[in-house]
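Quick mapping for you: the protein sequence lines, in order, are chains A, B and C. Heads up, the first sequence is in the numbering used here, so the first residue is 1143 and it goes up one at a time. Heads up, the second sequence is in the numbering used here, so the first residue is -17 and it goes up one at a time. Heads up, the third sequence is in the numbering used here, so the first residue is 65 and it goes up one at a time.
Keep in mind that a hint or two might mislead.
[As the list claims (entries may be wrong)] If you want a taste of the chain B side facing chain C, the calculated C-beta under 10 Å gives, among others:
#1 Ser24
#2 Ile33
#3 Gln164
#4 Pro229
#5 Glu274
[What the hints assert, rightly or not] Covered, in the sense of this in silico footprint (three residues per stretch, anywhere, with C-beta under 8 Å from a C-beta of chain C), are these stretches of chain A:
#6 1280 to 1294
#7 1321 to 1330
#8 1355 to 1363
[As the list claims (entries may be wrong)] If you want a taste of the chain A side facing chain B, the calculated C-beta under 7 Å gives, among others:
#9 Lys1252
#10 Ala1256
#11 Met1307
#12 Asp1310
Hints are computed from structural coordinates only; laboratory data are not their basis. All residues carry an ideal CB built from backbone N, CA and C; glycine is no exception.
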Amino acid sequence: MAASTYSPSQGAERRQRQQQMRRLSIQSDWDRSDGRSFIQCRPAFLRTGAANAASGSAYAEFGTTKVIVSVFGPRESKKAMMYSDIGRLNCNVTFTTFATSLRGQGSDNKEYSAMLHKALEGAVILETFPKTTVDVFALVLESGGSDLPVIISCASLALADAGIMMYDLVSSVSVSCIGKNILIDPTNEEEVCQDGSLVLACMPARNEVTQLTLTGEWSLPKINEAMELCMDACLKLAGIMRSCLKESANLSN
Amino acid sequence: MRDLHLSLNQTQRVRLQAALDQLESYAASTAAAAASVTVADSIPVNHEDNILKGHGTSDLDGQVVATLCGVVERVNKLVYVRALRSRYKPEVGDIIVGRVIEIAPKRWRLEINFSQDAVLMLSSMNLPDGIQRRRTAVDELNMRSIFVENDVICAEVRGFQHDGSLQLQARSQKYGKLEKGQLLTVPPYLVKRRKQHFHHLDQYNVDLIVGCNGFVWVGEHVETSEKESTLLSDKPSGKQETDNSVPLETRRHICRIANAVRLLSVIGLTLTVESVTETVEASLRSNIEINEMLGSEFYVQTVEREAQRRASMVRKRS
Amino acid sequence: MVGLSEGEKQFLRGGIEQDLRSDGRTRHQFRSVYVETGVIPQANGSARVRLGATEVIASIKAELGKPSLLHPDKGKVSIFVDCSPTAAAIYGGKGGEELSMELSVALERCLLGGKSGAGAAIDLSSLVLVEGKVCWDLYIDALVVSSDGNLLDSLAAAIKAALSNTGLPKVNVVLGASPEEQPEVDVSDEEFLQFDTSTVPAIITLTKVGKHYIVDATSEEESQMNSAVSVSVNRNGQICGLTKRGGAGLDPSVILDMVSVAKHVSQQFTSDLDSEIAAAEASDE
Chain A
1143 MAASTYSPSQ
1153 GAERRQRQQQ
1163 MRRLSIQSDW
1173 DRSDGRSFIQ
1183 CRPAFLRTGA
1193 ANAASGSAYA
1203 EFGTTKVIVS
1213 VFGPRESKKA
1223 MMYSDIGRLN
1233 CNVTFTTFAT
1243 SLRGQGSDNK
1253 EYSAMLHKAL
1263 EGAVILETFP
1273 KTTVDVFALV
1283 LESGGSDLPV
1293 IISCASLALA
1303 DAGIMMYDLV
1313 SSVSVSCIGK
1323 NILIDPTNEE
1333 EVCQDGSLVL
1343 ACMPARNEVT
1353 QLTLTGEWSL
1363 PKINEAMELC
1373 MDACLKLAGI
1383 MRSCLKESAN
1393 LSN
Chain B
-17 MRDLHLSLNQ
-7 TQRVRLQAAL
3 DQLESYAAST
13 AAAAASVTVA
23 DSIPVNHEDN
33 ILKGHGTSDL
43 DGQVVATLCG
53 VVERVNKLVY
63 VRALRSRYKP
73 EVGDIIVGRV
83 IEIAPKRWRL
93 EINFSQDAVL
103 MLSSMNLPDG
113 IQRRRTAVDE
123 LNMRSIFVEN
133 DVICAEVRGF
143 QHDGSLQLQA
153 RSQKYGKLEK
163 GQLLTVPPYL
173 VKRRKQHFHH
183 LDQYNVDLIV
193 GCNGFVWVGE
203 HVETSEKEST
213 LLSDKPSGKQ
223 ETDNSVPLET
233 RRHICRIANA
243 VRLLSVIGLT
253 LTVESVTETV
263 EASLRSNIEI
273 NEMLGSEFYV
283 QTVEREAQRR
293 ASMVRKRS
Chain C
65 MVGLSEGEKQ
75 FLRGGIEQDL
85 RSDGRTRHQF
95 RSVYVETGVI
105 PQANGSARVR
115 LGATEVIASI
125 KAELGKPSLL
135 HPDKGKVSIF
145 VDCSPTAAAI
155 YGGKGGEELS
165 MELSVALERC
175 LLGGKSGAGA
185 AIDLSSLVLV
195 EGKVCWDLYI
205 DALVVSSDGN
215 LLDSLAAAIK
225 AALSNTGLPK
235 VNVVLGASPE
245 EQPEVDVSDE
255 EFLQFDTSTV
265 PAIITLTKVG
275 KHYIVDATSE
285 EESQMNSAVS
295 VSVNRNGQIC
305 GLTKRGGAGL
315 DPSVILDMVS
325 VAKHVSQQFT
335 SDLDSEIAAA
345 EASDE
């Protein structure tokens, strides 16, 4: 049974762990809590066809981060009344109430929805479905760190599953900066005490970055190092996504 | 075959896996597996020929790259990608089943499981009195006496409008309003274009209309001459409270055929009148209750039967 | 929800009258139920239930809290239902709020029992650790993933399955020196107390279409209803909750008849559900 939340004791334990991390971050070499090295991502489990009612869907599990994305469309939308010769992409990200360890409100996360839209709109060929809308609904079942990159990669897989024309698959990773070290694909407890973060979404085959956000204090060579790390990880992740699509294509034959 | 949500016991699981493996071995023997691509895979082309880049491809630094997941098809100089689980791709002359969602001036708007709604013009529809004449303003006001909102209609694709949506026509006697039955939705790629989409199953007294857009109608048989007379006798006010309920025996057949269609669409097999009648006959032979057709035992039996059928086909070919 | 044409409505109603519905079921037959437990590992208990094309997920989280001043000898349970936009496009944003509220209230009514605690699914006094100071707060969250009618029955079944999957950790309480001091709690990581779900009732919703009532309606059948009565029946055949929906008025004798039909149907359904839950738990280990 996984550890659940107990309000009295949790505060003290958490603070202890954070202090420990701060002490470690001054050193340059230490083990991450799940045994990975700094430049190792969590093992990715991807599956298409998770939701039967949708045109396309995908389920992604990266360690303890679990996301399910359903794509509906292209279909007529009551909101878009004006004639337009390109289609519309509508993104929506919701966290379930049991996603975070502290029971939160399950409401739409508008910030993540906007960022998902920015990451995907460069890849989707909107001219192929004029006058209609493609709806992307992302549901985060468990939030274990590095949520937005997992949502973006899973959404891109669901769009491919739905048969929406895209220039390329969009894969995404994030890095955390703790002290002098750069950690890729951070977990929740690493994210909480990070000094800075960088989220990158790109189309690996075209070598194009569709979205890049950075927080914290970074020097130029550090940004370079982080970006190279991310692009390399994105390439590998796109390979995993591609083999997942091929597998499901073989099954439906 | 997507996520299966039936509880199978151990023996059923084993039998299902064996049948699925058998089916996979026949599918893999075709060359389709080699030509499947995913998004952004580059398609091997001979650069000397003038290759025409078709649907689902795009150009990247001189390389032809796929924008869809599917199978690469080559026809002479045309290279395109055919998606495996694609949406409905309409063609002129397709027979489709749709539902009226709006009555607009001089036309009806229908929902047909496509990215846009289709349009049926008043001029493309036979008038109740059968006379061929120009539609007047009175006809426009009486549109409601022909079709109302939520009616299920069978029609044919006449052409495309400038914005890509469909124009339908329902002039022949066999098209028109469908009643006394149920409408089912299946994925459009399971319906292949055939010569016949209207099937009158004599022995069951049931009409089976397989729309190319994925809407399938299963209902009591209606003589085509009767359709015209029902339009005339339709009173614009009030519903028909006449005693035209479906007899129990016919209803049983309708439900059995509907369940067969549901089962085939869940498994992912192509929907033809032969596969449907075969499934119904198999269920009658094994004395399975109508609602048990959607259960795990019959599911496994149907997959096994399909595997045996493919095996005998392969043997006949070789 | 797509509408139905007159012809389809007549076919549907005729089928219900003749005891042969569109998918071949009789009026009192349920669709096949499929249960999976332990789908949310970070919750104390969870389950996913499929009833035909209706799919719901329930998760149970337990947190330590203080009992309310009115009932110092009882723990607290709260139920919250969320309709996800994947179920239907109208559920996005504010659209699903009304339905979620209605479902949450109906579930609380059926599962939490009277004010004194009689007839509750879970014995609230078993959740208390130190009277007046420390108790368990159970948060039951349900998510509607896809909807094809009969949401209430599926939600109740999912909650029952999730409860049988729930384990509360054993807590060692050290009382403080004086009665006003907050006692110290030590939560064990190994030992767990399983819930006894034999008292959890099942909810049977009877939908009245024309003169007859049907069990487990699909959304098409629900669109034709005059009124519906949801009855919650427990193992002993006692009625634990009742909710009437729909605008049409019902004759009192009809309501009593519906209750007795629900009682009769619930026996079969409860035993099917229990065997499914047991099978799911077994395969989970």
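Each hint, compared with the structure:
Using the Cβ-Cβ criterion of 10 Å, the hint placing serine 24 (chain B) at the interface with chain C is not satisfied: the shortest such distance is roughly 34 Å. Because the beta carbon of isoleucine 33 (chain B) sits about 40 Å from the nearest beta carbon in chain C, more than 10 Å, this interface hint is broken. For the restraint placing glutamine 164 (chain B) at the interface with chain C, the shortest Cβ-Cβ distance is roughly 5 Å, inside the 10 Å limit, so the hint holds. Contact between proline 229 (chain B) and chain C, as hinted, is supported at the beta carbon level, the nearest pair being about 9 Å apart and thus within 10 Å.
Below 10 Å, beta-carbon pairs count as interface contacts, and glutamate 274 (chain B) has one with chain C at about 8 Å; its hint therefore holds. For the stretch 1280 to 1294 of chain A, the stated coverage by chain C is satisfied: 3 residues place a CB nearer than 8 Å to a CB of that chain, which reaches the threshold of 3. Under a criterion of three residues with beta carbons nearer than 8 Å to beta carbons of chain C, the stated coverage of the stretch 1321 to 1330 of chain A fails, only 0 such residues being counted. For the stretch 1355 to 1363 of chain A, the assignment as covered by chain C is violated, since 0 residues bring a beta-carbon within under 8 Å of that chain's beta-carbons and 3 are needed.
This hint is violated: lysine 1252 (chain A) has a C-beta 27 Å from the nearest C-beta of chain B, more than the 7 Å allowed. The criterion of a C-beta within 7 Å of any C-beta in chain B is not met by alanine 1256 (chain A), whose closest approach is roughly 24 Å, and the hint is violated. This hint holds: methionine 1307 (chain A) has a C-beta 4 Å from the nearest C-beta of chain B, less than the 7 Å allowed. With a least beta-carbon distance of about 4 Å to chain B, the hint placing aspartate 1310 (chain A) at the interface is held under the 7 Å criterion.
In this structure, the hints that do not hold are numbers 1, 2, 7, 8, 9, 10, in rising order.
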